[in-house]
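Could you build all of it, start to finish, from the sequences and the hints given here?
One letter stands for each residue in the lines below.
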Amino acid sequence: MENNFFLQAIVYLAAAVICVPIAKKIGLSSILGYLFSGIIIGPFVLGFIGSEGQDLMHFAEFGVVMMLFLIGLELDPYKFWKMRRFILGMGSLQVVITSLVIFICCSIIFDWNWQTALTISLALALSSTAIVLQTLKEKGLSQTSVGRSSFAVLLFQDIAVIPILAIIPLLVSGSNVIPDDDIHHSLISNLDGWLQTLIVIGTIVSIYFLGKYMIVPLLHIVAKTRLQELFTASALLLVLSVSYLIQLVGLSPALGAFMAGVVLANSEFRHELEGDIAPFKGLLLGLFFIGVGASINFKLIIDNPAFILIFGFILTMIKFFVFLGIGKLYKKRIDQNFLFAIGLSQAGEFGFVIMSFSMQLNIIPNMLANQIMAIIAISMISTPFLLLINERLIDPFFGIKEKNTNTYDEINENNDVIIAGFGNFGSTIARLLKSNRIPATILDMDSDRVDSLRKMGFKVYYGDATRLELLKAAGCENAKLFIAAIDNPTANLIVIELLQKHFPHLKILARARNRNDAFELVDMGLDSIYRENLYSAVHLGVDALVFMGHRRYSATRQGQHFIKHDEEAIFRLAKKRHDKKAFMISALEEIEMQEQLFKTDLFNQIVPEDHAWESDNLKKDNLQ
Amino acid sequence: MPNKILIIFAHPLFEKSVANKALANHIPDSENITFHDLYEMYPEFDINVKKEQELLNLHDIVIWHHPMYWYSCPPLLKQWIDMVLEYGWAYGKLGLALQDKILFQVITTGGNQENYCEEGRDQHTIAQLLQPFKQTAKVCRMHYLPPFVVQGTHRMDEKMFERKGIEYRNLLQYLENTTVNVKQTQGFNYLNDWIKTLENNGK
Chain A
1 MENNFFLQAI VYLAAAVICV PIAKKIGLSS ILGYLFSGII IGPFVLGFIG SEGQDLMHFA
61 EFGVVMMLFL IGLELDPYKF WKMRRFILGM GSLQVVITSL VIFICCSIIF DWNWQTALTI
121 SLALALSSTA IVLQTLKEKG LSQTSVGRSS FAVLLFQDIA VIPILAIIPL LVSGSNVIPD
181 DDIHHSLISN LDGWLQTLIV IGTIVSIYFL GKYMIVPLLH IVAKTRLQEL FTASALLLVL
241 SVSYLIQLVG LSPALGAFMA GVVLANSEFR HELEGDIAPF KGLLLGLFFI GVGASINFKL
301 IIDNPAFILI FGFILTMIKF FVFLGIGKLY KKRIDQNFLF AIGLSQAGEF GFVIMSFSMQ
361 LNIIPNMLAN QIMAIIAISM ISTPFLLLIN ERLIDPFFGI KEKNTNTYDE INENNDVIIA
421 GFGNFGSTIA RLLKSNRIPA TILDMDSDRV DSLRKMGFKV YYGDATRLEL LKAAGCENAK
481 LFIAAIDNPT ANLIVIELLQ KHFPHLKILA RARNRNDAFE LVDMGLDSIY RENLYSAVHL
541 GVDALVFMGH RRYSATRQGQ HFIKHDEEAI FRLAKKRHDK KAFMISALEE IEMQEQLFKT
601 DLFNQIVPED HAWESDNLKK DNLQ
Chain B
1 MPNKILIIFA HPLFEKSVAN KALANHIPDS ENITFHDLYE MYPEFDINVK KEQELLNLHD
61 IVIWHHPMYW YSCPPLLKQW IDMVLEYGWA YGKLGLALQD KILFQVITTG GNQENYCEEG
121 RDQHTIAQLL QPFKQTAKVC RMHYLPPFVV QGTHRMDEKM FERKGIEYRN LLQYLENTTV
181 NVKQTQGFNY LNDWIKTLEN NGK
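Chains as they are written, first to last, in full-length UniProt numbering: chain A, 1 to 624; chain B, 1 to 203.
I should point out that these hints are in silico values taken from the structure, not numbers from a laboratory. Please read all numbers here as calculations on a predicted model, not as lab measurements. Accuracy of the hints is not assured; some may be wrong.
Label-pair distances were calculated between CB atoms; the ranges are [as the list claims (entries may be wrong)]:
hint: 1; chain 1: A; residue 1: Arg-513; chain 2: B; residue 2: Phe-45; range: 47 to 57 Å
hint: 2; chain 1: A; residue 1: Arg-431; chain 2: B; residue 2: Tyr-87; range: 26 to 36 Å
hint: 3; chain 1: B; residue 1: Pro-132; chain 2: A; residue 2: Glu-614; range: 21 to 31 Å
Just so it is clear, CB atoms sit at the ideal spot from N, CA and C, and this is done for glycine as well.
The following block contains the structure:
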């Protein structure tokens, strides 16, 4: 058993590791790489995996579960509101028109009963969130108008799945269902249709309240332990248990995860959760695509190739033209519109969900459902190819393309400034910026503080800034300025190192606790270093000078000069430090350093080098 | 009723100025005279405009007391003028806060008085050099008097500084207790001469 698991894992990973780089190398998207590795290791080529189709569906679902959780997290109500015109307008138009066209075609051509035709047309109207979003991300189109429109449509579809899955049980009543033995029973599938619907709605409502009043407080408790892996574990537990719960009532677990995501979208844990789940998602999504590849039932295709291929072709054409029409309605430029329509022309993973769901309910004969699933898989595979054809052959005809650098971006809520650490130091900076109307994204490790600051209207996120995923989630890719103000100097250094490696464009302003920290920062090549005690110490010193009889203005100038001198000394000494072999900052050496500093102080006579307002020289001149 | 006098004093290196110390030391200790040391108040040039305006409201005579640097005033006094004399308060249709108050300058120069004329090294008279200040006062609807000057400080000795200090004290005391005849002062180049004439007349 153990062996078996290892072997399976090795097969999946090896296939991915071999196929994806090859796909990338020949300029295809990674999705195609995954799909092909799925086909190759699948039951119809090499037969390494997937003799049992059920297993593959589980794999397939789990990547989508994660992805929908993340999409849910992205969907805070404010963003949703800004995009309402696109989501509701484009989304509903697309779903209604596409399913209507497919429904009419199916009803005319085949002699299916209307329930079957309706279920199939609804299932096929939905596009693949996984493929489209992944493709957009890979092509760097997420922030263009195509990206936004696609996201809007997919979002509507994701939501539309809920009522669709709620309606389907209603279709059962009074239909000519042939009972089937190998169907799976959910807890409530024996109940009446209307009762099932009611229970489903009840579950969704309860997830909302559970999330709001139980999960967030629980995450607080976990966060207080400050154990990173525990938080990751709870994030996974959260996604899994919600998915399981929703599966119990017969819905797709992906939906449950999506709802959990939406509930948590506004919580302070959003970025941390995103960072925790994202790597799992990436891996599982890869598995999902492998699963799709492996689950293509070539036997069905070989048995009846004309039906499946022609159906698949017509389906893609219908979806393509409906999207093209909608794009036209929303005044998209023609090259944009092609990209938009082709990108969304496939059927999606929700199709699998709806198909297996309706199989359970016996709305659709098993054979037909499997054929439809094969059609969905084929249409999903075709998308990357169609996009490639569009890119190479069609697009060049349309001339100018929209540039990626689109300055207005309604769904990009990333701030230009990110502040890590919201202790006394960071909070002062944030207040100053806020009072000058410069919004900043704030990351902090103290969940209690995060909570109270959020109540005060700061946009603070809980999380460990030394983790790359969190930095990414906080928007380091698009930010301009990063203020590293974490209390713990070591953590601060780690963050800066990460930033320099992964986001070299970011300007970094760094807090340093003392001279030694500052040396480290100089070594790392930073030039904006702020020792937390220098300025207040000098300020106090200035007041001491005043108290001892200095004029306040002269004392202030002395202070200013002292700061300049000391800052220059840091850069000078930082270099010098490396002259000694194996320089260890021991207490003794620290003292030595201080002595050196004092010496240079005396030597340089840190006084203003100007002689403004002094009349001594003038007097001499006058006397001559 | 005594006049209330506000001395706006601006010297970036007061501790090294013998002349200005001599002058400042002779300012009468009176509740009607406020000595306002700008460089001590605002070393970082962050002038509190509201507070300065309230101070101006409380006084009848305003003195800008400063050394002459490059034919002008020290930078903090210019900053003060720029910030405190706001539109709508000091000037403009509704800016009547300073109307009919008296303004003059107390100036110290290292060079001798003789240098400040058309034939002299500085080629301009003090009055000509102070035109911008005079015009500022005019825009603020104030009465601008000729300056009180202490010149040639580079070659002065203790006794001379003492004499100048006493002169300054006499001037301040006279202004505090007498209604000023603005027209009369304008016949003089320097308030020094005006106060001497008054003293001689009094004798």
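Okay, the hints, checked on the actual structure:
Against the hinted window of 47 to 57 Å, the Cβ-Cβ separation of Arg-513(A) and Phe-45(B) comes to about 31 Å, which falls outside the hint. In this structure the hint that Arg-431(A) and Tyr-87(B) lie 26 to 36 Å apart at CB holds, the actual value being about 31 Å. Here the CB-CB span from Pro-132(B) to Glu-614(A) is close to 25 Å, well matched to the stated 21 to 31 Å.
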